[in-house]
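Peer 1: Put together the whole structure using the sequences plus the hints.
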Amino acid sequence: MLDFLKTLIASFQDFLFLAGRSFLNIFKRPHYYDDVFLQMDVIGWGSLPIVILIGAFSGAIIALQMARALNAYGASSEVGTIVSLTLVRELGPVLTAVMVAGRNASAIASELGSMKVTEQIDAMRALGTDPIQKLVTPRLIATTLMLPCLTVIADVIGLIGAYLIAVPLLKLISGGEYWTSSWQALVLNDLAQGLLKPFIFGIIISLVGCFYGLRTTGGTQGVGRAVTEAVVSAMIWIFVTTLLIDKVFVGL
Amino acid sequence: MATPQEPILEFKDVSLKFGETWALRSVSLSLKPGETRIIFGSAGAGKTTLLKAVIGLVGVDTGDISLFGRDVASAKEADLFPLRARAGVLFQEGGLFDSLTVGENVEYPLINQKSNRSSNLIGADTQDRAKDALTFVELGHTFNQFPSELSGGMRRRVGIARAIVTEPPLVLYDSPTAGLDPITANTIMALVAKERDVRNSASLIVTHRYQDGEIMSDFRYDQEQGDLVALGDGKDQALRDRTKFIVMKEGSVVFFGTKQELEASSDVYVQRFVRHGDE
Numbered sequence: 000m001l002d003f004l005k006t007l008i009a010s011f012q013d014f015l016f017l018a019g020r021s022f023l024n025i026f027k028r029p030h031y032y033d034d035v036f037l038q039m040d041v042i043g044w045g046s047l048p049i050v051i052l053i054g055a056f057s058g059a060i061i062a063l064q065m066a067r068a069l070n071a072y073g074a075s076s077e078v079g080t081i082v083s084l085t086l087v088r089e090l091g092p093v094l095t096a097v098m099v100a101g102r103n104a105s106a107i108a109s110e111l112g113s114m115k116v117t118e119q120i121d122a123m124r125a126l127g128t129d130p131i132q133k134l135v136t137p138r139l140i141a142t143t144l145m146l147p148c149l150t151v152i153a154d155v156i157g158l159i160g161a162y163l164i165a166v167p168l169l170k171l172i173s174g175g176e177y178w179t180s181s182w183q184a185l186v187l188n189d190l191a192q193g194l195l196k197p198f199i200f201g202i203i204i205s206l207v208g209c210f211y212g213l214r215t216t217g218g219t220q221g222v223g224r225a226v227t228e229a230v231v232s233a234m235i236w237i238f239v240t241t242l243l244i245d246k247v248f249v250g251l
Numbered sequence: 000m001a002t003p004q005e006p007i008l009e010f011k012d013v014s015l016k017f018g019e020t021w022a023l024r025s026v027s028l029s030l031k032p033g034e035t036r037i038i039f040g041s042a043g044a045g046k047t048t049l050l051k052a053v054i055g056l057v058g059v060d061t062g063d064i065s066l067f068g069r070d071v072a073s074a075k076e077a078d079l080f081p082l083r084a085r086a087g088v089l090f091q092e093g094g095l096f097d098s099l100t101v102g103e104n105v106e107y108p109l110i111n112q113k114s115n116r117s118s119n120l121i122g123a124d125t126q127d128r129a130k131d132a133l134t135f136v137e138l139g140h141t142f143n144q145f146p147s148e149l150s151g152g153m154r155r156r157v158g159i160a161r162a163i164v165t166e167p168p169l170v171l172y173d174s175p176t177a178g179l180d181p182i183t184a185n186t187i188m189a190l191v192a193k194e195r196d197v198r199n200s201a202s203l204i205v206t207h208r209y210q211d212g213e214i215m216s217d218f219r220y221d222q223e224q225g226d227l228v229a230l231g232d233g234k235d236q237a238l239r240d241r242t243k244f245i246v247m248k249e250g251s252v253v254f255f256g257t258k259q260e261l262e263a264s265s266d267v268y269v270q271r272f273v274r275h276g277d278e
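Chains as they are written, first to last, in numbering that gives the first Met the number 0: chain S, 0 to 251; chain R, 0 to 278.
Just to be clear, a hint being listed does not mean it is correct.
To be verified - Stretch by stretch, here's where chain S covers chain R in the computed footprint (C-beta under 8 Å, at least three residues): (1) 107-113; (2) 213-224.
Stated by the list, open to error - Pairs of lysine to any residue residues, derived as SDA-like cross-links and limited to a Cα-Cα distance of at most 20 Å, are as follows: (3) S:K27 with R:E76; (4) S:K115 with R:K130; (5) S:K115 with R:E92; (6) R:K75 with S:Y32; (7) R:K113 with S:R20; (8) S:K27 with R:K113; (9) R:K113 with S:F22; (10) S:K115 with R:F96; (11) S:K115 with R:V57; (12) S:K115 with R:S147; (13) R:K113 with S:Y32; (14) R:K31 with R:G139; (15) R:K75 with S:G19; (16) R:K113 with R:K130; (17) R:K248 with R:F67.
Source of the hints: derived by calculation from the structure; they are not laboratory data. Glycine included, each C-beta is placed from N, C-alpha and C at the ideal position.
Peer 2: This is the structure we're talking about:
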């Protein structure tokens, strides 16, 4: 038990070490802009279809469920408010992050893991390139910039999905009322946490993926293990941090 | 700066432990320009760790490692980059980057040194030099292919091209012939000897094949004939003596000497690597 805790704390320390070095590298030469743009394309543009799909469905589902719940209180006209608050504050950031974690934390871990087991990481160091600078920092920058964008898109698409259910299908309120109420429901606090979360999740997803990828051992089997560990821990950390952020922002 | 008489690489009493097992145990060795060391040893004897320690890819617990007159053991990663730029490495599996073409792989160290400003390559056409290095290993036609399209032996040769493209004074070869058929293996060793004799570079070769050591010890590359020629006994003795053999066991060096001394050794463990080194 003690050994288990020791390894847990040791790997957390390694993780913080990696995080520190990759953040410092943002301000250090050489900069690999090509890799940053490539990763932004892979992570941002590549995740767009799935994020749109998930956004639309989650918006529609909230509208459907809430319509029934609100009806019990005779408050079905509040559907826009409810949808926009839950989407912007919680479901948009978390669902997008979970999708991107499934898609990209795994991709990052498997790519870096394969490079590790085929000695490409060692080769990189031997040829005078810092693997953290070349591999981790571009992924960190790309994910951290792209995830807030994806989240905003998911929020907007989710509101459209909810609109389609609430207005044309269930005819709860008029289109104008829906958009006005959903817009007026949002205050600065909601937007702040809605944008802070994906920013933090982006850091978590990229660093966790890189961390497990870079410490892969044991050949191709090890790569599979690294991918599983990366996705599972990225998701756990997403939910843990969202709770912590909520706790802070609810108090504000 | 190391002069021709001074060793370019020196290990002094270097030790490293992974948990309870010794990876390196009081290892001392030195290497001068143009010299070759063949390293034998069973799996897990510390051969690859030794190579990686040379350029600081693994840190050591105790002892001094000096490369080109600089201390490696206590240097920071950033300070090691200029040193590593002067040592070529061939990794066991080639270590080629899958995402780059063969040409880009070979060009990589050149471009990298350019951007790190660790050598004055500014202005030199890196692509031409990469092509030259690929032609050196007789793979000039694969420039635009990807490593995955090549056979194992070809990938190994591309790895050699990448290791020597910067014309380093020291080249480290990790099992250059492992898992290859004898003909391909001999082609590779001929290239290794060619690199040594054309550019007078020092080499550290980890291998399982006794023949690899024989080629390095008993042959030299003749540029006019374009092939290996056997060394004579008389005045060529000095050339033979540049190649020495190291046998490692559980992290320790258990044998160090010339080929004749190796063959004359009565140690059972050392004898396993003579002739029937392949097991």
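Peer 1: Compare the structure with each hint and give your call.
Peer 2: The hints, checked one at a time:
1. Residue count for the stretch 107-113 of chain R with a Cβ under 8 Å from a Cβ of chain S: 4. That meets the three needed, and the coverage hint holds.
2. Here's how the stretch 213-224 of chain R fares: 0 of its residues keep a CB closer than 8 Å to some CB of chain S, so the rule of at least three is not met and the hint is violated.
3. The suggested pairing of K27 (chain S) with E76 (chain R) holds, with an alpha-carbon distance near 14 Å, which does not exceed 20 Å.
4. Annotation: proposed proximity of K115 (chain S) to K130 (chain R) is violated, straight-line Cα distance about 27 Å (limit 20 Å).
5. With a C-alpha separation of about 12 Å, the suggested pair K115 (chain S) and E92 (chain R) falls inside the 20 Å cut-off, and the hint holds.
6. Taking the CA atoms of K75 (chain R) and Y32 (chain S), the gap is near 25 Å; set against the 20 Å cutoff, the hint is violated.
7. Between K113 (chain R) and R20 (chain S), the direct Cα distance comes to roughly 23 Å. Violation of the 20 Å bound is thereby established for this hinted pair.
8. Proposed proximity of K27 (chain S) and K113 (chain R) is supported: the alpha carbons are some 17 Å apart, at most 20 Å.
9. For the hint pairing K113 (chain R) with F22 (chain S), the CA-to-CA distance comes to about 24 Å; that exceeds 20 Å, so the pair is violated.
10. Pair hint K115 (chain S) plus F96 (chain R) holds up; C-alpha atoms about 11 Å apart against a cutoff of 20 Å.
11. Simply put, K115 (chain S) and V57 (chain R) have alpha-carbon atoms about 14 Å apart, close enough for the 20 Å limit, and the pair holds.
12. A distance of roughly 17 Å separates the Cα atoms of K115 (chain S) and S147 (chain R); the hinted pair therefore holds under the 20 Å criterion.
13. Of the pairs offered as hints, the one joining K113 (chain R) and Y32 (chain S) holds, with about 16 Å between alpha carbons and a cut-off of 20 Å not exceeded.
14. Simply put, K31 (chain R) and G139 (chain R) have alpha-carbon atoms about 31 Å apart, too far for the 20 Å limit, and the pair is violated.
15. About 16 Å separates the Cα atoms of K75 (chain R) and G19 (chain S), which keeps this hinted pair within 20 Å; it holds.
16. About 17 Å separates the Cα atoms of K113 (chain R) and K130 (chain R), which keeps this hinted pair within 20 Å; it holds.
17. Of the supplied pair hints, the one linking K248 (chain R) and F67 (chain R) is violated, its CA atoms being roughly 27 Å apart against a limit of 20 Å.
When held up to the earlier numbered hints, the structure conflicts with 2, 4, 6, 7, 9, 14 and 17 and fits the remainder.
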